[in-house]
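Undergrad: The chain contents come next:
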Amino acid sequence: MVKVKHRYILVESAEELGEEVLKGRLNGELSRAIGDIDYHRVNPRLMKYGGKRFVLRCSLDGYGKLVVALSMVKELDGRKVAFYTIKSSGTMRALLS
Amino acid sequence: MKYYDLVFNSCRMDDGAAKRLGFERIFQINANSICMSSDKSRLIREVRDDAKAVAVTDFYIDRKLIAEMRERGTVLCIPFAQIISMRGEARSKALYRAGELLRYAAGSRIAVSFASFADSPLYMNSPTQLIELAKMLGAKEEAARESLGRVNMELGEFYGKGQA
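Residue numbers (my numbering), protein chains in the order written: chain A, 34 to 130; chain B, 56 to 219.
Hints may be right or wrong, so weigh each one.
Unchecked claim - Which residues of chain A face chain B? A partial, calculated answer using Cβ under 10 Å:
| no. | residue |
| --- | --- |
| 1 | 38 |
| 2 | 42 |
| 3 | 45 |
| 4 | 47 |
| 5 | 82 |
| 6 | 97 |
| 7 | 98 |
| 8 | 103 |
| 9 | 105 |
| 10 | 113 |
| 11 | 115 |
| 12 | 118 |
| 13 | 120 |
| 14 | 121 |
Said to hold, decoys possible - As a list, the in silico DSSO-like pairs of lysine-lysine whose alpha-carbon atoms are at most 30 Å apart:
| no. | chain 1 | residue 1 | chain 2 | residue 2 |
| --- | --- | --- | --- | --- |
| 15 | B | 74 | A | 56 |
| 16 | A | 85 | B | 107 |
| 17 | A | 38 | B | 190 |
| 18 | B | 119 | A | 107 |
For the record, the hints were derived by calculation from the structure and aren't laboratory data. C-beta atoms are modelled at their ideal positions from N, C-alpha and C, and glycine is treated no differently.
Construct the complete structure from the given sequences, taking the supplied hints into account.
TA: If you want it as structure tokens, here you go:
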């Protein structure tokens, strides 16, 4: 079986949003930015949450689209937000070290 | 490689924002220092008055303007804050036109600056995001990195004051 390659992205938000808000709303906004066709190819998923910083996982091929989509999400749950892509890596360990 | 960003004076950043995002410095410039307009005759006048950089805010190609910029070595600025602040079809059109303008400018050998030009921290981006946005418009990765490095540094030192 072919191993699917992922990319882990460390993201910082302009203010703390809460894990429930991110889990519930972020994927909807990303889907709007990326589009229905490519959203599941990108397959973003919240892996770790730590206040203003959190880690998203996506497919390796969808990395560029996800980074651009994160810049385009400016509103979440009625609040003005901004997401900054700080770092990315092929493994969570390397990302957080 | 060191990266630089350009934002307006009205963009209030907290201390250490540049380092946290991954920039060597973020230059704050006066909103009136770089001519940002959709009026092509005004832009041509600015270029002829030896402006170092201009931005075409509607992203429509004007061959005469591009020719003047090529002759005088004027930098073309692509303000990403303006694009990402739009929504829906307007943003989609802006992305398409910006890509066409970039392709034409690159073919004319004009230096391009990819920067936030944000007036609020909400419209700033990290270097990774600016590079990916530039690639989405059709720029090559090396060209995008050079723009964020050398080109932005030159513009920042010419126009603004920096925050490290």
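Undergrad: Evaluate each hint against the coordinates.
TA: Okay, the hints, checked on the actual structure:
1. Interface hint at residue 38 (chain A): violated, since its Cβ lies 18 Å from the closest Cβ of chain B, which is beyond the 10 Å cut-off.
2. Given the 10 Å rule on beta carbons, the hint for residue 42 (chain A) holds: about 9 Å separates it from the nearest Cβ of chain B.
3. Checking residue 45 (chain A) against chain B by beta carbon gives a least distance of about 7 Å; that is within 10 Å, so the hint holds.
4. Given the 10 Å rule on beta carbons, the hint for residue 47 (chain A) holds: about 6 Å separates it from the nearest Cβ of chain B.
5. A hinted interface residue such as residue 82 (chain A) counts as satisfied when its beta carbon comes closer than 10 Å to some beta carbon of chain B; here the least separation is about 18 Å, so the hint is violated.
6. Look at residue 97 (chain A): its Cβ gets to within about 5 Å of chain B, closer than 10 Å, so that hint holds up.
7. The closest approach between the C-beta of residue 98 (chain A) and any C-beta of chain B is roughly 8 Å, which is under the 10 Å cut-off, so the hint is satisfied.
8. The criterion of a C-beta within 10 Å of any C-beta in chain B is met by residue 103 (chain A), whose closest approach is roughly 7 Å, and the hint holds.
9. Interface restraint check: residue 105 (chain A) against chain B, minimum CB-CB distance 5 Å, threshold 10 Å, status holds.
10. Using the Cβ-Cβ criterion of 10 Å, the hint placing residue 113 (chain A) at the interface with chain B is satisfied: the shortest such distance is roughly 6 Å.
11. The interface hint given for residue 115 (chain A) holds, since its Cβ lies 4 Å from the closest Cβ of chain B, which is under the 10 Å cut-off.
12. Evaluation of the residue 118 (chain A) hint against chain B yields a held restraint, the C-beta minimum of about 4 Å falling below 10 Å.
13. Interface hint status for residue 120 (chain A): upheld, as the beta-carbon distance to the closest one in chain B is roughly 8 Å, under 10 Å.
14. Evaluation of the residue 121 (chain A) hint against chain B yields a held restraint, the C-beta minimum of about 7 Å falling below 10 Å.
15. Among the hinted pairs, residue 74 (chain B) with residue 56 (chain A) is consistent with the structure: their alpha-carbon atoms are about 28 Å apart, no more than 30 Å.
16. A C-alpha spacing of about 38 Å is found between residue 85 (chain A) and residue 107 (chain B), which places the hinted pair above 30 Å, so the restraint is violated.
17. Restraint check for residue 38 (chain A) and residue 190 (chain B): satisfied, since their Cα atoms lie roughly 21 Å apart, inside the 30 Å limit.
18. Distance check on the hinted pair: residue 119 (chain B) and residue 107 (chain A) sit about 36 Å apart at the alpha-carbon level, beyond 30 Å; violated.
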